[in-house]
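S.K.: Next come the chains, spelled out residue by residue.
There are 2 protein chains.
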Amino acid sequence: MKIKEFLNNNKNKDVVVIQGLGFVGAVMSLVVSNSSKKNYAVIGVDRKESNEIITNINNGTFPIKSSDPKIEQYYQNSIKKGNLLATYNHLAYSYASVIIVDINLDVQKKSDSNGNLNSFNVDLNPFKKAIKTIGQNCKEDVLILVETTVPPGTCLKVVKPIIEAELLKRNLSVEKVKIGHSYERVMPGPEYINSIKNFYRVYSGIDENSAVETELFLKTIISTKDYPLTRLINTNATEMAKVLENSYRAMNIAFAVEWSRYAEEAGVNLYEIVNAIRMRPTHSNLMYPGIGVGGYCLTKDPLLASWAKTNHFNSDHCLEQSEKGVQINDKMPHFAFDYMKRAFSFKTLKYKKILLLGISYRSDVGDTRYSPVEPFYLNCINDKANVVTHDPYVKYWNELNLKVSQNLDEELKNDWDIIVFSTAHTEYKNPKVISIISKMSKICIYDTLGILKEKDIIELNINNKVKVLGRGDI
Amino acid sequence: MKIKEFLNNNKNKDVVVIQGLGFVGAVMSLVVSNSSKKNYAVIGVDRKESNEIITNINNGTFPIKSSDPKIEQYYQNSIKKGNLLATYNHLAYSYASVIIVDINLDVQKKSDSNGNLNSFNVDLNPFKKAIKTIGQNCKEDVLILVETTVPPGTCLKVVKPIIEAELLKRNLSVEKVKIGHSYERVMPGPEYINSIKNFYRVYSGIDENSAVETELFLKTIISTKDYPLTRLINTNATEMAKVLENSYRAMNIAFAVEWSRYAEEAGVNLYEIVNAIRMRPTHSNLMYPGIGVGGYCLTKDPLLASWAKTNHFNSDHCLEQSEKGVQINDKMPHFAFDYMKRAFSFKTLKYKKILLLGISYRSDVGDTRYSPVEPFYLNCINDKANVVTHDPYVKYWNELNLKVSQNLDEELKNDWDIIVFSTAHTEYKNPKVISIISKMSKICIYDTLGILKEKDIIELNINNKVKVLGRGDI
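Heads up: the protein sequence lines correspond to chains A and B, in order.
Be aware that the first sequence starts at 48, since it is given in the numbering used here, and climbs by one per residue.
Be aware that the second sequence starts at 48, since it is given in the numbering used here, and climbs by one per residue.
A few of these clues could be false.
[Claimed, not checked] From the structure, some residues in chain A lie toward chain B, with a derived Cβ separation under 8 Å:
hint, residue
1, Met48
2, Lys51
3, Gly236
4, Ala284
5, His330
6, Leu366
These are calculated hints, taken from the structure and not from any lab test.
Heads up, the beta-carbon is just placed ideally off N, CA and C, and yes, glycines get one too.
Pulled out of the complex, with its shape left as it was, chain A reads as follows (with noise of 0.2 Å):
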């Protein structure tokens, strides 16, 4: 469908264009033209290399699989409505009221091959052309709403002045235009919808008009009757609240995993003490360690922070407990891989037959970005073994160009020298599952998330070897 005849079908409604079809950016489209408070128009622009993405929603496919079934009634319904579209032809942006900026804006990290950062860095230019193509076909009145994850200062000193340049280069006026923040905190999986829709936001805008219209949009497609909104003073404000709040819940990971390699070396349970240190209510959101820290966010995040303030602020404190936060988890699938060879006394893992069960890095939704199960994975591959992947939400692993088994019942009739839980998939968690590895012989079994509950292990220890991970006993 062309543009043109999709407002054309769609006439009086407000136009919101999405820029980016990501994890993000498809979602928000959905909750956009599901609002109950207002009919928009929703238009997702992508580029033209995504064409796969946009061709599946203009066709009846949604591109992200999740294990929240909000995600395909909403989107049945967006095309019940009509008044969903995707295309990558940037004319998107000139009907649009509101603009909503969901792209991807990454840092270039340099490791070596144990995961020790060495040096990192951020190229804001494929993010500074999007910004410019918004700004070279734009309103003069548009609101254009960042929602990316973006160095603080990004708004102001990125974002305002490429879109006011462009505006004058179109001889329009610079006064009208209105630039806000809101980050989001998206979580795939069951709760995707609710993580927009039914959840706090921090919001700012560039000035007060900015502000307002910003908080306008909001309430129209979030419960802030349940989740009220905070404004805060300007976009770096907002900016620095969502590197921030990322590198806190980076930091304590890796304070995780830090004791985690303690425990270990004392023989005690970390699960153990962290459960009985979460009953302090200013000690409750500690977390158990892992096989490593993934995703989009997290990995990154801290870093954005940092290069913020050599960029945009010209200061030279640097974040130290942000960025030895990042620093540390990068480390964590090396460790989980070393433990596993040490825990099983496999000096190496050559035609060893490895199953890994989850490839996603996180459980019940199929985001192969950054998974900490990549680098275990090339550990394993590195060491001669022979891996076979399964994940229920992943085919393809683009990152390795990998095909992943879906069937998790053929895999568990083969023969396998150690099957590793990488994802907490709730799949994985099925007690048939247990059932079938508990009556295979000689196998050995790696937890690294704590799927395995203590019955299971005490099952699992009769005929196999099991080594847990997640369940802090490192």
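Dock chain B against the given chain A, drawing on the hints supplied.
M.R.: Just chain B now, kept in the frame of chain A:
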């Protein structure tokens, strides 16, 4: 009163001896002697050098000033019951069914004048000596309950062998002695008593019998119905739990500290950002920055853990996140001092008249151990300022051999260049204080702890210069 006379007055009561009458032991003696579940005769033992504390307890003056009214109530009740005695006589241990170890275990830090931690050491000798005095005197079936924060491994590797060696020297059995570990979570301040009596506890024993006896004893002094006990598998685990939870807190404060500098550079209010993020249940314990971290625990416990890694468990992994937390926090008072000069544009503080309101490390309690106000004060003095200190809870600053003013009204009549809120005592939050200060002319107010409310700051700014550190808008 002699011990024998005391015991004669307290016939048929189990004797509990508390070793160490400091901020934990003294208050512990009140909680035990006020048990509603069992009648105990409580003897507090301290060193001859602490004769003042001993004399005070025996003569009607409790040695700790606190804002918790229960402290005085409990003390008066103990006097009435006649079941509390203090002594330096080690013979006390020979009568005890239970001996609670509440002595210090210090870390020796070597830091430069800017608070940079160059090295540290743990000297276990004073602790070992104290345990030895127990072993030389105790019954063979005593329960020794260690509450002191120790390097993980200490109960098994230090306490047990010393006690057993001393029992053997006296031809006593080593089979019957019980050694438990249950760390306190004492919070001096308005909830001092409750932080012992009505709070969660973790415990363990060196063997099954020790754990059981520890539990039975704790149940007689703690409201375990509302605050259930958690048993961990061994003393390594509980010892680690304690240093882990304090490391977590120290690290999270350090996190706030490093982001507070960032906020200053980006011109945003960190306090506002922290409040916005705290709405997320997973981030509700995010901390505010301040003048620094003090007190006996958070300044050293992560280092105890690091020390034990090398010395008790032969590991060369270090606890990077946790140590970094201590390092960053140690520098905070120096940063607060530099910020004060920068914010008020003072090149030097020479001859400036400065009033420091509060020297205790914590609000509403008189405890100057490792107070961050100490390096802050010394920086002022080194810069040749004339500094007067006030603290309602501290008459004499032992660490600096300094008299401390007790009369706030008088001090506020004097002529000051800078008034610093350095401890958040309730007395300083009295509207009268703000009213008096607002009438001063040309004064600089430096609030390191968020004592001033938004309306106070507006009011004060009319006549004075106000800079706020603790509220985050550095």
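S.K.: For each hint, tell me whether it holds in the structure or not.
M.R.: Evaluation of the provided hints:
1. Met48: Violated - the Cβ of Met48 of chain A stays beyond 8 Å from chain B, reaching only about 39 Å at its closest.
2. Lys51: 41 Å, violated
3. Gly236: With a minimum Cβ separation of about 14 Å from chain B (threshold 8 Å), the hint on Gly236 of chain A is violated.
4. Ala284: 4 Å, holds
5. His330: 6 Å, holds
6. Leu366: 5 Å, holds
Hint compliance for this structure: hints 1, 2, 3 are broken, all remaining hints hold.
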